[in-house]
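Engineer: Let the sequences and hints guide you as you build the complete structure.
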Amino acid sequence: MSSSVKIKTLTIDERQVGAREDQTILDVARENGIKIPTLCSLKGLSAYGGCRMCIVEIAGTPKLLPSCMTTVEEGMVVTTNSDRIKKYRRSLLELYFSERNHVCSVCATNGYCELQSMAQEVEMTHVHFPYMYPQLDIDATHERFILDHNRCISCTRCVRVCDEIEGAHTLDIKDRGIDIRVITDLDHPWGESETCTQCGKCVHVCPTGALIERGKSVGEMSKRKQLLPYLTKMREAHE
Amino acid sequence: MNKKLTLATLWLDGCSGCHMSLVDVDERLIDVAGIYDIVFSPLVDVKEFPENVDVTLLEGAISTDEDVEMVKRVRKSTKTLIAFGDCAVTANVPSMRNQFKVEDVFKRGYLETTPGNDIIPSVNIPKLLEKAYPVHNFVHVDVFLHGCPPSADNIFYTLVEIAEGRTPELSKRARFG
Ligand code: SF4
Ligand code: SF4
Ligand code: SF4
Ligand code: FES
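Heads up: the protein sequence lines correspond to chains U and F, in order.
Positions 27 to 265 (our numbering) are the ones given, in order, by the first sequence.
Positions 69 to 245 (our numbering) are the ones given, in order, by the second sequence.
Calculated directly from the structure, the hints in this document are not laboratory data.
Do not rely on the hints blindly, as some may be mistaken.
In silico lysine-lysine, DSSO-like type, Cα no more than 30 Å apart, as pairs [unchecked claim]: (1) K61/U to K240/F; (2) K89/U to K240/F; (3) K169/F to K242/U; (4) K240/F to K69/U; (5) K169/F to K200/U; (6) K242/U to K175/F; (7) K69/U to K200/U; (8) K240/F to K249/U; (9) K89/U to K69/U; (10) K113/U to K175/F; (11) K249/U to K259/U; (12) K242/U to K199/F; (13) K195/F to K144/F; (14) K112/U to K240/F; (15) K251/U to K240/F; (16) K240/F to K242/U; (17) K199/F to K144/F; (18) K195/F to K113/U; (19) K113/U to K147/F; (20) K32/U to K259/U.
Taking beta-carbon pairs under 8 Å as the criterion, some of the chain U residues facing chain F (in silico) [said to hold, decoys possible]: (21) S72; (22) N127; (23) V129; (24) E149; (25) Y159; (26) Q161; (27) I164.
We treat Cβ as the ideally placed atom computed from N, Cα and C, and that holds for glycine.
Structural biologist: This is the structure:
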């Protein structure tokens, strides 16, 4: 860290905290043991700001802002868990469940899924919106992994790890909004990919049952959560 | 002692797994029997859903025209309606057919998977709705008790809380799946 980096003081949930001027609210909150729910953010990957679970209130701003994309400012007063925020987070999560087909009881990641545990965290007991039941494909052409669009929440963690850590850039995103899809190479079946190194990083950073190993049955697909922190540490050690 | 509450339990489009979990309450069933009279249930021999039920545990999704009639009936006669298990709360496994047309579901179920059979039954059976729905799509639900199945602990907790006049707090206790 260069000595020219300035230190800012702000308040998060009524606690005075210090931060480097280039840090995001989310980083500072985490450093101080204040838990903000996240789905798309993952330490070691670039910030994406897509899931909106990490929204916070900043005094003087009517809009809710994603804490993973908002850098600190001197004197900021941040609230991470008001009733209004909780309500928004719950509605957002309900939308995730209603937009694709989630049937936890028959899912490979049942018991290990971040979306499933997020429902508990934000106290979602049922979905108020009508379910959409889209007809979605499962790409089972890869010899080791399966991509099940029914369970994807479009967090792009897989895309980012494949590009930023593995350097393969096999995975990408096509379309927007409700039509958004993870694709492999130029939207060809994964099994035909010439760029995929079969490293499995995408599978292990995926928060849901959208990316799993072949042959894993209901409740068998736990993810190696330590994989990315380990890789990042090794990198930093080499730099 | 206070007057006992009445309890009804039933399943619509469910697998009876939630009821198995109810039985798993084990020796605490004696406590349940101390606070509730079971007035309607697959476990007791009563044909008509009674009037003025205090609490109903409703397992299963709503999948047929008969289910719709039943759930309305149950709602009318119940003070506290509990959506009991993931099928009742989200439509869960029964909703896996919802991506497909009913005709295609029938074809798959009766013809393609049963070699030699060329009949899709149509008389004397309830008519399938276009989709399987959560209970709250049709009637107001008072308590959502999710889980596939809900744990015996959560079932017992819910029944006791209601009997004590409290609202069960299940959001952190229960989990989908
Ligand atoms: S991906 Fe997660 S939330 Fe979706 S069905 Fe599987 S376990 Fe449930
Ligand atoms: S296995 Fe590795 S290279 Fe292949 S798509 Fe996943 S992250 Fe990219
Ligand atoms: S496949 Fe998994 S990691 Fe990739 S966008 Fe979907 S949910 Fe996120
Ligand atoms: S964690 Fe901030 S938007 Fe997803």
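Engineer: Each hint needs a verdict: does it hold in this structure or not?
Structural biologist: Verification of the supplied hints:
no.	hint	result
1	K61/U to K240/F	holds (16 Å)
2	K89/U to K240/F	holds (28 Å)
3	K169/F to K242/U	holds (29 Å)
4	K240/F to K69/U	holds (26 Å)
5	K169/F to K200/U	holds (27 Å)
6	K242/U to K175/F	holds (29 Å)
7	K69/U to K200/U	holds (24 Å)
8	K240/F to K249/U	holds (23 Å)
9	K89/U to K69/U	holds (25 Å)
10	K113/U to K175/F	violated (43 Å)
11	K249/U to K259/U	holds (19 Å)
12	K242/U to K199/F	holds (29 Å)
13	K195/F to K144/F	holds (23 Å)
14	K112/U to K240/F	holds (14 Å)
15	K251/U to K240/F	holds (23 Å)
16	K240/F to K242/U	holds (28 Å)
17	K199/F to K144/F	holds (24 Å)
18	K195/F to K113/U	violated (38 Å)
19	K113/U to K147/F	holds (27 Å)
20	K32/U to K259/U	holds (25 Å)
21	S72	violated (31 Å)
22	N127	holds (7 Å)
23	V129	holds (6 Å)
24	E149	holds (4 Å)
25	Y159	holds (4 Å)
26	Q161	holds (5 Å)
27	I164	violated (12 Å)
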